[in-house]
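With the sequences and hints as input, model every part of the structure.
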Amino acid sequence: MELSNKDKLMICGIYDQILRRNEMLTDLISEEEKKELQKNPNYKGKNYQEQMDMIMTIVRGAQKMNPALGTEDIIKFITDPGFRVKLDIENNALQSDRRTLQDSVILRRTFYQTVIGNPIQEELETKKVFKKPIKVTKYPVIKVTRVDVSDDMFYVYEEIMYISEMVKDKLMKKIEENQRNRQLNGEIIPNIKRDTAELLWNELESREYTKYQIQEPTIHRTIEKIHIDFKDVHGIKLAGKWTEGQSFIIDNRPHMDALISENNPVGTLQLKTQFKSR
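Each residue of the sequence shown is one higher than the last, beginning at 81 in my numbering.
Just so you know, the hints here were simulated from the structure itself, not pulled from any lab data. If you're wondering where the values come from, they're calculated on a predicted model, not measured in any experiment. From the three backbone atoms N, C-alpha and C, an ideal C-beta is built for every residue, glycine too. Treat the hints loosely; a few may be bogus.
Said to hold, decoys possible - The calculated lysine-lysine pairs, modelled on DSSO-like cross-linking and capped at a C-alpha distance of 27 angstroms, are:
(1) LYS273 x LYS317
(2) LYS291 x LYS215
(3) LYS115 x LYS166
(4) LYS254 x LYS273
(5) LYS212 x LYS248
(6) LYS166 x LYS114
(7) LYS352 x LYS86
(8) LYS273 x LYS223
(9) LYS352 x LYS114
(10) LYS248 x LYS273
(11) LYS253 x LYS317
(12) LYS144 x LYS156
Claimed, not checked - Each pair of labels, with its calculated beta carbon distance range:
(13) ARG178 x ASP337: 25 to 31 angstroms
(14) THR298 x ILE272: 27 to 33 angstroms
(15) ASN265 x ASN85: 54 to 60 angstroms
(16) GLN97 x ILE214: 48 to 54 angstroms
(17) VAL247 x MET336: 46 to 52 angstroms
(18) SER110 x PHE163: 26 to 32 angstroms
(19) LEU204 x GLU103: 36 to 42 angstroms
(20) ASN343 x ARG260: 53 to 59 angstroms
(21) TYR128 x ASP309: 30 to 36 angstroms
(22) ASP337 x LYS253: 52 to 58 angstroms
(23) LYS273 x THR302: 22 to 28 angstroms
Dropping the structure here:
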């Protein structure tokens with residue numbers, strides 16, 4: 081069936097709802113880096129299948145709101161919306177000869193590593209007078225995430241959870257026992273050390289341990305520099321191989337100071353607004 085303007089506005093609104101929960105490009109990179117990226121916005125990892133997966137999420141959301149809408153009709157509007165979609169930078173998400181609603185979404189690959197850091201001695205004050213402080217050993221469990229913004233622009237951030245030596249030993253015993261059982265059942269674990277650190281992180285996450293960021297997220301221009309800086313800060317090395325994670329969504333709608341208001345604190349030019357003023 082032919083989509084009504086109300087249906088088209090609703091589809092633009094679904095995109096707006098998804099994108100408003102994600103990072104703007106300028107949250108990740110400087111204005112200079114943005115200009116550099118504008119000259120060569122695409123890179124070899126185009127995440128085409130992930131783009132199509134997101135489109136199907138939009139389709140299901142639209143059909144939930146109006147079950148009469150056909151899948152092909154929704155996709156046709158997404159890929160040929162009938163107005164020139166305004167973007168932060170050129171994206172061409174679907175490698176199309178026209179701008180699509182999906183171009184307002186920059187999807188980039190993420191990779192991560194989890195490592196168990198060197199022990200840290202912490203002194204805890206005692207309540208009793210004249211008693212010496214108690215020394216406690218803690219271990220940092222560090223997760224480093226890398227977002228490949230372009231072929232030579234890597235956005236990197238770290239998250240850290242701290243655990244006591246007693247908790248670490250208890251959880252490690254449980255994890256190592258499970259690993260042995262997995263191997264006895266014929267499972268091959270390519271990297272036991274990396275697997276152990278990731279399982280420890282997941283266990284702490286499930287227990288809702290507090291996460292910290294002691295390093296400001298930053299842009300690196302080579303992967304080698306990420307490894308060098310990590311060793312300089314933490315005194316340990318990252319592994320050579322990274323694990324691929326979920327795609328990272330970047331909001332590619334334009335953001336302008338003139339649009340900043342109480343209801344629009346970052347000045348986003350929403351797709352609904354663009355459709356109305358087409």
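Evaluation of the provided hints:
{"no.": "1", "hint": "LYS273 x LYS317", "in the structure": "holds (13 angstroms)"}
{"no.": "2", "hint": "LYS291 x LYS215", "in the structure": "holds (22 angstroms)"}
{"no.": "3", "hint": "LYS115 x LYS166", "in the structure": "holds (16 angstroms)"}
{"no.": "4", "hint": "LYS254 x LYS273", "in the structure": "holds (15 angstroms)"}
{"no.": "5", "hint": "LYS212 x LYS248", "in the structure": "holds (25 angstroms)"}
{"no.": "6", "hint": "LYS166 x LYS114", "in the structure": "holds (16 angstroms)"}
{"no.": "7", "hint": "LYS352 x LYS86", "in the structure": "holds (11 angstroms)"}
{"no.": "8", "hint": "LYS273 x LYS223", "in the structure": "holds (14 angstroms)"}
{"no.": "9", "hint": "LYS352 x LYS114", "in the structure": "holds (25 angstroms)"}
{"no.": "10", "hint": "LYS248 x LYS273", "in the structure": "holds (15 angstroms)"}
{"no.": "11", "hint": "LYS253 x LYS317", "in the structure": "holds (24 angstroms)"}
{"no.": "12", "hint": "LYS144 x LYS156", "in the structure": "holds (18 angstroms)"}
{"no.": "13", "hint": "ARG178 x ASP337: 25 to 31 angstroms", "in the structure": "holds (29 angstroms)"}
{"no.": "14", "hint": "THR298 x ILE272: 27 to 33 angstroms", "in the structure": "holds (31 angstroms)"}
{"no.": "15", "hint": "ASN265 x ASN85: 54 to 60 angstroms", "in the structure": "holds (58 angstroms)"}
{"no.": "16", "hint": "GLN97 x ILE214: 48 to 54 angstroms", "in the structure": "holds (50 angstroms)"}
{"no.": "17", "hint": "VAL247 x MET336: 46 to 52 angstroms", "in the structure": "holds (49 angstroms)"}
{"no.": "18", "hint": "SER110 x PHE163: 26 to 32 angstroms", "in the structure": "holds (31 angstroms)"}
{"no.": "19", "hint": "LEU204 x GLU103: 36 to 42 angstroms", "in the structure": "holds (37 angstroms)"}
{"no.": "20", "hint": "ASN343 x ARG260: 53 to 59 angstroms", "in the structure": "holds (56 angstroms)"}
{"no.": "21", "hint": "TYR128 x ASP309: 30 to 36 angstroms", "in the structure": "holds (32 angstroms)"}
{"no.": "22", "hint": "ASP337 x LYS253: 52 to 58 angstroms", "in the structure": "holds (55 angstroms)"}
{"no.": "23", "hint": "LYS273 x THR302: 22 to 28 angstroms", "in the structure": "holds (24 angstroms)"}
Taken one by one, the earlier hints all hold for this structure without exception.
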